[in-house]
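Same order as they appear, the protein sequences are chains A and B. Every letter in the first sequence is one number past the one before it in numbering that gives the first Met the number 0, and letter 149, counting from 1, is 148. Every letter in the second sequence is one number past the one before it in numbering that gives the first Met the number 0, and letter 51, counting from 1, is 50.
Honestly, the hints are just simulated from the structure, not real lab data. Please note: incorrect hints may appear among the correct ones.
Pair by pair, the computed Cβ-Cβ distance ranges are [said to hold, decoys possible]: (1) A/G81 with B/L364: 19 to 25 Å; (2) B/R190 with A/G333: 15 to 21 Å; (3) B/D297 with A/T212: 52 to 58 Å; (4) A/A57 with B/D27: 26 to 32 Å.
In this text the structure is predicted, and so the values were computed from the model without any measurement. Virtual Cβ for every residue (Gly too), placed ideally from N, Cα, C.
Each chain is listed here by its residues.
Number of protein chains: 2
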Amino acid sequence: MAKSWATFGVDLHLEPTGAGGLRRGLTDALRDAVRTGRLAPGTRLPSSRTLAADLGIARNTVAEAYGDLVAEGWLTARQGSGTLVAERPVVPPTGTAPRRREPGRPTHNLVPGTPDLASFPRAEWLRAARRAVTGAPSDAFGYGDPRGRPELRAALAGYLSRARGVRTHPDGVLVCAGFSQGLRILGPVLRARGARTVAVESYGLPRHWELLTAAGLGTRPLPYDELGTDTRELAGAQAALITPSHQFPMGTALRSGRRAAVVEWARRTGGLVLEDDYDGEFRYDRQPVGALQGLDPDHVVYLGTASKSLAPGLRLAWMVLPPALVEECAAAKGQVDNCGVLDQLTLAEFLTSGAYDRHVRAARLRYRRRRDALVAALAARAPEVRATGIAAGLHAVLRLPPGTEQSVIQAAAWQGLALHGLSALRHEAAVTDPLDALVVGYGTPPDHAWAGALEALCRVLP
Amino acid sequence: MAKSWATFGVDLHLEPTGAGGLRRGLTDALRDAVRTGRLAPGTRLPSSRTLAADLGIARNTVAEAYGDLVAEGWLTARQGSGTLVAERPVVPPTGTAPRRREPGRPTHNLVPGTPDLASFPRAEWLRAARRAVTGAPSDAFGYGDPRGRPELRAALAGYLSRARGVRTHPDGVLVCAGFSQGLRILGPVLRARGARTVAVESYGLPRHWELLTAAGLGTRPLPYDELGTDTRELAGAQAALITPSHQFPMGTALRSGRRAAVVEWARRTGGLVLEDDYDGEFRYDRQPVGALQGLDPDHVVYLGTASKSLAPGLRLAWMVLPPALVEECAAAKGQVDNCGVLDQLTLAEFLTSGAYDRHVRAARLRYRRRRDALVAALAARAPEVRATGIAAGLHAVLRLPPGTEQSVIQAAAWQGLALHGLSALRHEAAVTDPLDALVVGYGTPPDHAWAGALEALCRVLP
Numbered sequence: 000m001a002k003s004w005a006t007f008g009v010d011l012h013l014e015p016t017g018a019g020g021l022r023r024g025l026t027d028a029l030r031d032a033v034r035t036g037r038l039a040p041g042t043r044l045p046s047s048r049t050l051a052a053d054l055g056i057a058r059n060t061v062a063e064a065y066g067d068l069v070a071e072g073w074l075t076a077r078q079g080s081g082t083l084v085a086e087r088p089v090v091p092p093t094g095t096a097p098r099r100r101e102p103g104r105p106t107h108n109l110v111p112g113t114p115d116l117a118s119f120p121r122a123e124w125l126r127a128a129r130r131a132v133t134g135a136p137s138d139a140f141g142y143g144d145p146r147g148r149p150e151l152r153a154a155l156a157g158y159l160s161r162a163r164g165v166r167t168h169p170d171g172v173l174v175c176a177g178f179s180q181g182l183r184i185l186g187p188v189l190r191a192r193g194a195r196t197v198a199v200e201s202y203g204l205p206r207h208w209e210l211l212t213a214a215g216l217g218t219r220p221l222p223y224d225e226l227g228t229d230t231r232e233l234a235g236a237q238a239a240l241i242t243p244s245h246q247f248p249m250g251t252a253l254r255s256g257r258r259a260a261v262v263e264w265a266r267r268t269g270g271l272v273l274e275d276d277y278d279g280e281f282r283y284d285r286q287p288v289g290a291l292q293g294l295d296p297d298h299v300v301y302l303g304t305a306s307k308s309l310a311p312g313l314r315l316a317w318m319v320l321p322p323a324l325v326e327e328c329a330a331a332k333g334q335v336d337n338c339g340v341l342d343q344l345t346l347a348e349f350l351t352s353g354a355y356d357r358h359v360r361a362a363r364l365r366y367r368r369r370r371d372a373l374v375a376a377l378a379a380r381a382p383e384v385r386a387t388g389i390a391a392g393l394h395a396v397l398r399l400p401p402g403t404e405q406s407v408i409q410a411a412a413w414q415g416l417a418l419h420g421l422s423a424l425r426h427e428a429a430v431t432d433p434l435d436a437l438v439v440g441y442g443t444p445p446d447h448a449w450a451g452a453l454e455a456l457c458r459v460l461p
Numbered sequence: 000m001a002k003s004w005a006t007f008g009v010d011l012h013l014e015p016t017g018a019g020g021l022r023r024g025l026t027d028a029l030r031d032a033v034r035t036g037r038l039a040p041g042t043r044l045p046s047s048r049t050l051a052a053d054l055g056i057a058r059n060t061v062a063e064a065y066g067d068l069v070a071e072g073w074l075t076a077r078q079g080s081g082t083l084v085a086e087r088p089v090v091p092p093t094g095t096a097p098r099r100r101e102p103g104r105p106t107h108n109l110v111p112g113t114p115d116l117a118s119f120p121r122a123e124w125l126r127a128a129r130r131a132v133t134g135a136p137s138d139a140f141g142y143g144d145p146r147g148r149p150e151l152r153a154a155l156a157g158y159l160s161r162a163r164g165v166r167t168h169p170d171g172v173l174v175c176a177g178f179s180q181g182l183r184i185l186g187p188v189l190r191a192r193g194a195r196t197v198a199v200e201s202y203g204l205p206r207h208w209e210l211l212t213a214a215g216l217g218t219r220p221l222p223y224d225e226l227g228t229d230t231r232e233l234a235g236a237q238a239a240l241i242t243p244s245h246q247f248p249m250g251t252a253l254r255s256g257r258r259a260a261v262v263e264w265a266r267r268t269g270g271l272v273l274e275d276d277y278d279g280e281f282r283y284d285r286q287p288v289g290a291l292q293g294l295d296p297d298h299v300v301y302l303g304t305a306s307k308s309l310a311p312g313l314r315l316a317w318m319v320l321p322p323a324l325v326e327e328c329a330a331a332k333g334q335v336d337n338c339g340v341l342d343q344l345t346l347a348e349f350l351t352s353g354a355y356d357r358h359v360r361a362a363r364l365r366y367r368r369r370r371d372a373l374v375a376a377l378a379a380r381a382p383e384v385r386a387t388g389i390a391a392g393l394h395a396v397l398r399l400p401p402g403t404e405q406s407v408i409q410a411a412a413w414q415g416l417a418l419h420g421l422s423a424l425r426h427e428a429a430v431t432d433p434l435d436a437l438v439v440g441y442g443t444p445p446d447h448a449w450a451g452a453l454e455a456l457c458r459v460l461p
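Take the sequences, apply the hints, and build the full model.
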């Protein structure tokens, strides 16, 4: 009976015909599959016993068909490895896309925004994954709650309270696939609540501002002066997106008077503060600045991420929402944007087991050493260049003589050194005078490449 | 599966994570089931290993719960016979009304769309994860390519070619976080290319149609007749979203003439076919229907998913795009929607190591047995009810006498059985005469609860 063609056919997608007998039909179907490339070179075929059982035919018939095709050169049989599709030229399918040109990879990468990927704690992560996946209830593997797994929301609520002074409950936490996804969720929610203008900082990531614009929200930059972002000019905005713990990219911490001002504004006007705490774990010279959210959990959305502390590839971030926004944001997120549950469960285990704290502590030490090496190298090799914003984080701002930013970046590109200039991170409506500067991501290179990157940087500095 | 523990398994699923810990929750649920007579004296319980695997909890927890109840006298354990419900007087539940379940947590779940989550291959997946994460290059942990990891795109191109007859190259594959995300990406791309109307099927998932509507596209249902979806009436549409291998939910395969017709239409008009191949791996009675995409890779977008073959919680799906659409779709996806790289790398390893094929084979056998049990139970218990669409997939359509669908669903809800009616899956503009039917997801319950769910189903059928 043909019943087991299902089992066989799905795996090999053969259409053997009855004409000419079973052996002939099977041989023809297999040969056709190999010739057209549907069975790729190196593919291992089922054993003759398995296939015969699946097909309900004699094992010998399968063995003979395999033998015929080995003799013809379509298959290879090796003791201990079974029967494989032979390596041979295959007629390519029609309509393949042209290969995308791989851009030349720079030798040294000091672009900010990425931690040292080589230090991702693979073994620790796998241990946590084993515990998390083995112990998970079966229903964890289903479509899930847009807010995220309860295990992770509980672990984050505990960690953020302890490490960042965030005031919340697991019900206030919403897991998302990166800060940008969080912002994409918040934009339409703000718009639906009547917001039209979001105050942003004079410096920041244009792609964040674009996400707000895409939601129909205007962005208006707050002034930036020698004390940092000035939060006293919020009139006319219904929300404010800021980086209070470590301004991106300038590196300043929001002054306490200005912290108070933005919270006071939110309370008075019913405005909402979006606190982007992208690298709050990494502070070197003083106690970390606690999250602004702790001042007023009803008017601040706290946004954190694993992209700097662990790796961007995890695509895991979190929002801590005022109670009034939880339902709306969960509905706006919906199931389309759910994150994979296995990584969520693993991060929960990673946090509660203490592995996250250990990893952050080790990473902080490593980045601090790099920061110190950068400062020392600048003092010795480029004393004209002042590094600012270096008390925390994974990047520094190097102030350059006026008018030299573009030429330094071009010189760096010639030397295989990827760098970002500050001008690319300045809001087009900012009233602050433009500054020439580099934004150097000293967390980006792997350890073995750091010294070389630093050397290359020193060579291109004026 | 022994019918004797049908009810039992279901009751365990009721509160497996109750307050007081897993062991306490399990013990309480079991004791309650014995005391009220829902577990009859003499009923043999599954082995602790089986039940632990089904529930996704530690075997020890089950063994301890059994031990507690043996000590209390509710169960008996005999060498060689396993664990049985003790012979003792049963206290009937208070009141005379049938026991009702908590709303929102039905005892039996036959809603289609979810595979058996308890059968997720945890150990195999973790093995693949260890190989994948250990062997990945460091830059895999970065923000990544919106198209997905190259390892996964290559593995999918090979698998889909071999198993589904899809013609592609890794460059044509775009990884996404579920079918719905794929559709959300495609909608605006179609709109930007001038599409205004997408032909859909008379039956399908309203949330898919809504994603198209949200992109500014109208949906117009194709006729559905006794031969299935009629693809000959595509005039006026610029794209068509169809389930050719296994119509959802009706279960028919698109007739070869109608397969040819839709491809011919796409060629002639420059239209685009969106092929939703949600459960192509699971075909039982004939050889699988190859993907429509193989007929014309330039005019068909193939969409597949790990949600049925592995688990929805992975949030991994894939599109195979015509070359002309690759860049646009990758740009439309962007980094905001990137999927976690660790699961991508693990799925690539799972596919290339053969673990995916082994899992699908085992799952196919399990679902096929359930399908057979469903058909046999219907023949014996509800001969008036005709099951259709049963040659493949994880669900069946049970045709009911006219006018009875809503009352059967309500009766089912009363008995704690979650069911979907066909009317909820009918396009509001469909011209097809409405049919009364149930869409029964026989893949949804865990193994230990399947027999009970089937029994409950038979009880509510007319």
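Evaluated hints:
Distance hint check for A/G81 and B/L364: the Cβ-Cβ separation is about 22 Å, which falls inside the suggested range of 19 to 25 Å. Checked against the hint of 15 to 21 Å, the pair B/R190 and A/G333 passes, with Cβ atoms roughly 20 Å apart. Checked against the hint of 52 to 58 Å, the pair B/D297 and A/T212 fails, with Cβ atoms roughly 35 Å apart. Between A/A57 and B/D27 the CB atoms are about 55 Å apart, so this pair departs from the stated range of 26 to 32 Å.
Hints 3, 4 from the earlier list are contradicted by this structure; the remaining hints agree with it.
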